[in-house]
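Engineer: Spelled out from the first residue to the last, the chains are:
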Amino acid sequence: MELSGAEILVQCLKDEGVEYLFGYPGGAVLHIYDALYNQEDVKHILVRHEQAATHAADGYARATGKPGVVLVTSGPGATNAVTGIATAYMDSIPMVVITGQVSTAVIGSDAFQEVDAVGITRPCVKHNFLVKDINDLAETVKKAFYVASTGRPGPVVVDVPKDITDPSIKIPYHYPDKVAMRSYQPTVKGHSGQIKRAVDLMLSAKKPMVYTGGGVVLGKGSDELRKFVRHLGFPITSTLMGLGAYPATDKQFLGMLGMHGTYEANMAMHDCDVLIAIGARFDDRVTGKIAEFCPHAQIVHIDIDPSSISKTITVDIPIVGSVPDVLQEMNHLLANSSKKPQKKALEEWWKIIDGWRSKLCMSYDRNSDKIKPQSVIEMVHEITNGNAYVTSDVGQHQMWAAQYYGFDEPNRWINSGGLGTMGFGLPAAMGVQLAYPEDTVVCVTGEGSIQMCIQELSTCLQYGLPIKIVALNNRYLGMVRQWQEFFYENRYSHSYMESLPDFVKLTESYGHVGIRIEKPEDLRAELERGFAMKDRLVFFDIVTDQTENVYPMIAQGKAHNDMHMSPYSAPAQDSERELS
Amino acid sequence: MRHIISILIENEAGALSRVAGLFSARAYNIESLTVAPTEDPSLSRMTIVTNGTDRIIEQIVKQLNKLIDVVKLMDLTEGPHIEREMMLIKVKAATMAQREDVKRLCDIFRGHIIDVTSSTYTIELTGAVSKLDSFIEALAEHKIIETVRSGVTGIARGEKSLHL
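Protein sequences, first through last, are from chains A and B.
For the first sequence, the positions run 1 to 580 when the UniProt record's numbering is used.
For the second sequence, the positions run 1 to 164 when the UniProt record's numbering is used.
Think of the hints as simulated: they come from the structure by calculation, not from any bench.
Treat the hints with care, since some could be wrong.
To be verified - Straight-line alpha carbon distances no greater than 25 angstroms define the calculated SDA-like cross-link-like pairs of lysine to any residue that follow:
1) Lys311(A) <-> Asp133(B)
2) Lys62(B) <-> Lys132(A)
3) Lys66(B) <-> Lys340(A)
4) Lys311(A) <-> Ile68(B)
5) Lys340(A) <-> Lys351(A)
6) Lys311(A) <-> Ser17(B)
7) Lys62(B) <-> Gln298(A)
8) Lys132(A) <-> His174(A)
9) Lys289(A) <-> Ser17(B)
10) Lys72(B) <-> Gly418(A)
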């Protein structure tokens, strides 16, 4: 079979089993678009801005575990995609981004729409390629998918000059089944000796704590994790990225940890004697003050990326390997061990934890005459039976969604945790909704974030994506406002959003349904009415309390036991003071 | 502490900028960097001299290993090794006295005069960094017109080697 470069590219995507290609055409990729024209296996989704193409592919990848695929043109097409590539890179999301490039003959001549895409994306990709010979094209695409989706996943860029896709030049096509790279062989299986040492340590722990991250979700380690935690009876917390890997409604789950983590999770981190970190990377939003991080604990760290180990926190027992493989081996050892977890000590530990729990740190004013953002999330949880895929943008609404939705399954909570990209939520929801057309997909956002990619409402109409947009509209860039209240003596410098559009009319002009909700008493009925419209995109413009803050909060650089608490949480009790 | 990291890297366009970019993006120090192809033309050998605490060096090694183009690497300073740097230095040598003194110093340091004009000598000198530094110091009384140093390259002593 003789094919042109453009046809080879499309055929590679078919052979790779790619369902959706998120993209935007332009001069350098016109040959490729022509090759896409007469086929239906790879469905192209035309976004309205290249940033959205990357976020949509990213959302698809996070929800399905399969790499997301993007096609953009050279120059501005590539630069617009950079934010989305960096977003995927920070959260280790498998993605293959094909960027068009000017013809090889004019590379370096400042040609029209020329940019050094390989150079610009280098610091925010797992790897990238410039294809200089049509004979390398198929193998390069194979390598791109292989690198993107194995080891610690990440985005890979393939830059394809226009002449490589020239329809008049055809070569025999062969897509390799496998690809071997001498310089890339990710470790999967953990070191047995280290695993045994770790298990021994766990079985001797008196105040253990399990701390899990996005690696459990990415590595599909949720089942093994549940077995592991239930067998040991240990308390477990999760980072923002790991939510859902362990069910939020389970009694062993203490909630999220870190800057906006629960009181009980952060206190347990501070006091634990053995910390088991699984697929987490000790991010600064999690550790707080490094010098006071888990001061009494011996630390076990399981991660597929050796460079994550002892990067910020020195650990005692590092285990490099994939989360499910290592946990499976641990579960096997635990099941066959004559030793059991320290039952008595654990009972004492749980008593202390229950004391912290009784502080009810997630309390808020339930009798307010304003709509409380937390109540919106709780109600959305109820209406969707906790089964929705929830994407978010970045800010207060993101934290409330993480804290109050209560994810019981992995891959359901989709947000930009590492880079913190506003504008992520709506396009990411498009990718999720395409992957799961029958499921409810909710985009929790704010009036600030949604405006960063609002043009995608048009894409949603074109492809009939019935996303439910829950916009917590407090007329402020809420998280900025909160920091200004706490740390800048209420000087609200440029955090107030004036001149907001009428979101209902705006949504309607895009051909969707808009619902504005202003009073707490209308909230349930209006949400139920909107969520009942299964085949329509509904934008809920919800007017929430302007000055609500996200609690608890550990200020940047403070220790885990130093939290700002909600004024509605229970006061410290004497018994608890004694214990902590 | 000073470390010499030897790297076998795919001899491909952009490989060098991946390494250089890693150092600048993560604010690691580079004292010197040399690179050239090996007997296998698909591989380049790179030698980086860097410094940092043990924790930073550990991260540098891990981050370098993580680069897809890096095939293998070794911290030479972890074992017995030989390091060499080459220098070309052009010195003013116009008078008889200057010419004699420069020649004498060159002999003492076992350098070679590789280019001569009526007013200059160009000397080639190879050795450890400290030897080259000492030679420059010894030339203090003379006018140095130009100095070119290759940066450090190195190799492990004995059986130990960095190869595929």
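Engineer: Each hint needs a verdict: does it hold in this structure or not?
Structural biologist: Checked hints:
Taken as a hint, the Lys311(A) and Asp133(B) pair is broken in the structure, with Cα atoms around 35 angstroms apart against an allowance of 25 angstroms. Proposed proximity of Lys62(B) and Lys132(A) is contradicted: the alpha carbons are some 30 angstroms apart, above 25 angstroms. Between Lys66(B) and Lys340(A) the alpha-carbon distance is near 38 angstroms, which puts this suggested pair outside the 25 angstroms criterion. Proposed proximity of Lys311(A) and Ile68(B) is supported: the alpha carbons are some 20 angstroms apart, at most 25 angstroms.
Taken as a hint, the Lys340(A) and Lys351(A) pair is honoured in the structure, with Cα atoms around 20 angstroms apart against an allowance of 25 angstroms. Of the pairs offered as hints, the one joining Lys311(A) and Ser17(B) holds, with about 23 angstroms between alpha carbons and a cut-off of 25 angstroms not exceeded. Annotation: proposed proximity of Lys62(B) to Gln298(A) holds, straight-line Cα distance about 23 angstroms (limit 25 angstroms). Only pairs whose Cα atoms come within 25 angstroms are accepted, and Lys132(A) paired with His174(A) is accepted, the gap being roughly 18 angstroms.
Simply put, Lys289(A) and Ser17(B) have alpha-carbon atoms about 34 angstroms apart, too far for the 25 angstroms limit, and the pair is violated. Distance check on the hinted pair: Lys72(B) and Gly418(A) sit about 29 angstroms apart at the alpha-carbon level, beyond 25 angstroms; violated.
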